[in-house]
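S.K.: Sequence:
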Amino acid sequence: MPNNKFIVFAVLLLLIIILISLFVPSHILDIFYSNEHPNGFYAKSQYFYLAVYLLILFSSFFYLFRSISSAAKGSILLRTVFVAFIVISIFQIVGRTRHIEKVISRKNHYLKNIDAGEYLFGFTYSLAVNFKKHLPERCNATVISDLDFNESMPMTLRSIFSYYMLPVNIRSHDQKDNPDCVILFMKRNAKENVPEGYIISYQHDEKNLVAIRKDLSIRQNAISENKSSGGIWGSILPMFRKTDNINTPKGLNREGLFLIDLVNLITSLLMPWFLGYQLLFLILGRSKLNLFMALSLSYGLGLGVWSYIMLLLGMGNIKYTLVNLYTVYFAVLGIILIVKYFFQRRRGSMGREQLIYKVDDNLISKGDNLNTKIIVYLALTYIAYNFILIFVKTFVFPVYTWDSLATCVYNAKLFFYEQKMVPLKYLPHSAYPLGVPLMITWINLNVGYFNEYMFNIIFPIFFLSFAIIFYNFLSYFTNKKWGLLGVVLLLGSNILFYHATISYRDLVLMWFSCSALFLMLWWREEKKEGVPIFSSIVMGLAATIKLEGTAYYCIYCLLCVLVVLLEKDLNINKKLRNIVQFIALGFIMCIIFNLHKFFNNVTFSQHIDLNFSGIVSVAIIFGATFLNNIFFSANWNILWCFLIMSFVIRIKEKKSKEIYAFYFVIALWLGIHFILATTSNSWNDFISGMPRLLIHYFPIVTALIVLLNYPGKKDDTSFK
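Numbering that gives the first Met the number 0 applies: residue 0 is where the sequence shown begins, and numbers increase by one.
Think of the hints as simulated: they come from the structure by calculation, not from any bench. Each hint should be verified, as a subset may be incorrect.
Listed next, with one range per pair, are the computed distances between beta-carbon atoms [stated by the list, open to error]: (1) Asn680 <-> Gly196: 38 to 44 Å; (2) Ile643 <-> Glu525: 30 to 36 Å; (3) Leu258 <-> Tyr201: 55 to 61 Å; (4) Ile665 <-> Tyr325: 40 to 46 Å.
Please read these numbers as outputs of a predicted model, since none were measured by experiment. Virtual Cβ for every residue (Gly too), placed ideally from N, Cα, C.
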């Protein structure tokens, strides 16, 4: 890695870029961070990145040709790549800031002018808002249209329209002959096609109208997007004065309603967080954890376990009411506290051991020179500013992204209004796991109404907590300064930054799958009791987030078997015991939902339809797409190139077992997606979803960069 003087000189020189870039036209900054969806990065950025990679390739060839065994030449090459990373990162952060400024400036315009709602899928959004003003608050509907909903674009329009129409239920009910209302959507001569027994309630234009059954009574303007019950605290603390605002529950003014919403949101986060905290220390006994590490692990564990409990309740047809959920919550919490108390009494004679070895160094120490201090402060500023941007952008718009609406938040909204887990056959993409939708359902049940903004808070917190876990992991195997460098590299990904601000499940899956792997590697060093069980639970929860979680669980099992069997200081009985602990609970958690899907006639066939006829052609497309993603996309800065350069330069050096474990995981991960893509009729889904698939194990890429370049011992606190 570059030395202090080199980095400081480069950073101070590049600070001028920040001032210059403030005056650079936006279309130039789009090279580094586009205003569009990350898939739009490719066309805008590939020529720039092609030039960067050609320069690096030329430099690599030059230095390696002159002295292929010289560590000094390799160090110069890595310095070149690292400076390129800094340059791009500075432009990235300016581009991210400008993007968010534009989004905030347009927010009021988009939300107040329905005709300008392209950002919210304009036409379908405005149509749903107008239709619901002329319908009962709760009713079932059927859609009549000229569109073929089996095709991609019509299917997309229908899914978005169905989401915005809720609680008017279009999908999750039997399509009877006499539903409460009929919606004619994109139907030519709609008025002439109204079924007998229905009267037109509202006609938007000649192709779109809504008709209700003649015997159905209508309350005009009955449906409000923000109609609130005040949630749990609104019921307990009705001390606010009355108001005539139709959207405000009786006894609450607008300011009081916002305060209650905020308290409800905090409550909905703290309850599973506290549950996870207690469960964490029940599993790990009296082992001691860094406070921030404990809180970070508790956050994901608590939300994951609580959503899994809600899944079990839903499978048992128990209603999602606050009374039921709070009763179950306090019962589970009570059991954990009781068991924890008796375990502590049994272990009372044991001292408080430290689970995770804490390197005896500080980010800033007395022996550090000025250059090192400047580097650390700049890194901390960069990290803090990026997370500020993430939290700001999260609350600018309500949920609007396509996959979130179609596969995640739609289900949560159904569960919220139905107050139960709707049968799988009625859900869009019914085979998809329900962990994240149930987390969103829990948040909104506590808030008291389906708030399109507030539940988004769970995603940036997932990213922040993971950054802390990632930092602790790297600090353990290197030191704190190099751990900080790892977090800086992690934030070099634009698509990861983007996913931290939207309600997709990929970031959550990354949290669970990577955290489980980190815990396994910690156990290999420390051999602490409880870590295999804890790691198994975390990996089992990954299978409840996305379909890929089940495949990643299989990778995890193979890795843990290898890790345990290769431990020479364990006898065969202890090895078998630890393997069972690493696998058993995760397997049970993984299999329960898959069995539930099986008995509800929901299979993977809709996602994996085997076809071996086009293996060669699909393999070429897959490889080209993968290379285009990692080399010619602004989604990743130049981090994949950094990894390859680090691997080539350090190829003759002795590697740690952690590095080989990560090689193994990346190879299997790529292998699984390659095999599934080349043997499936749904290969295009794997190709188009490549950027998001890369997110799941992207932290391993940055961890490898740090581990490959770290100069030596844990007590070496310098950058070299």
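S.K.: So does leucine 258 sit 55 to 61 Å from tyrosine 201, Cβ to Cβ?
M.R.: 36 Å, violated
S.K.: Should the hint that asparagine 680 and glycine 196 are 38 to 44 Å apart at their CB atoms be regarded as holding?
M.R.: Holds: the Cβ-Cβ distance is about 42 Å, inside 38 to 44 Å.
S.K.: Look at the Cβ atoms of isoleucine 665 and tyrosine 325 and judge whether their distance stays inside 40 to 46 Å.
M.R.: 43 Å, holds
S.K.: Kindly confirm whether 30 to 36 Å is satisfied by the beta carbon distance between isoleucine 643 and glutamate 525.
M.R.: 32 Å, holds
Comparing the model with each earlier hint shows a violation of hint 3 alone; every other hint is respected.
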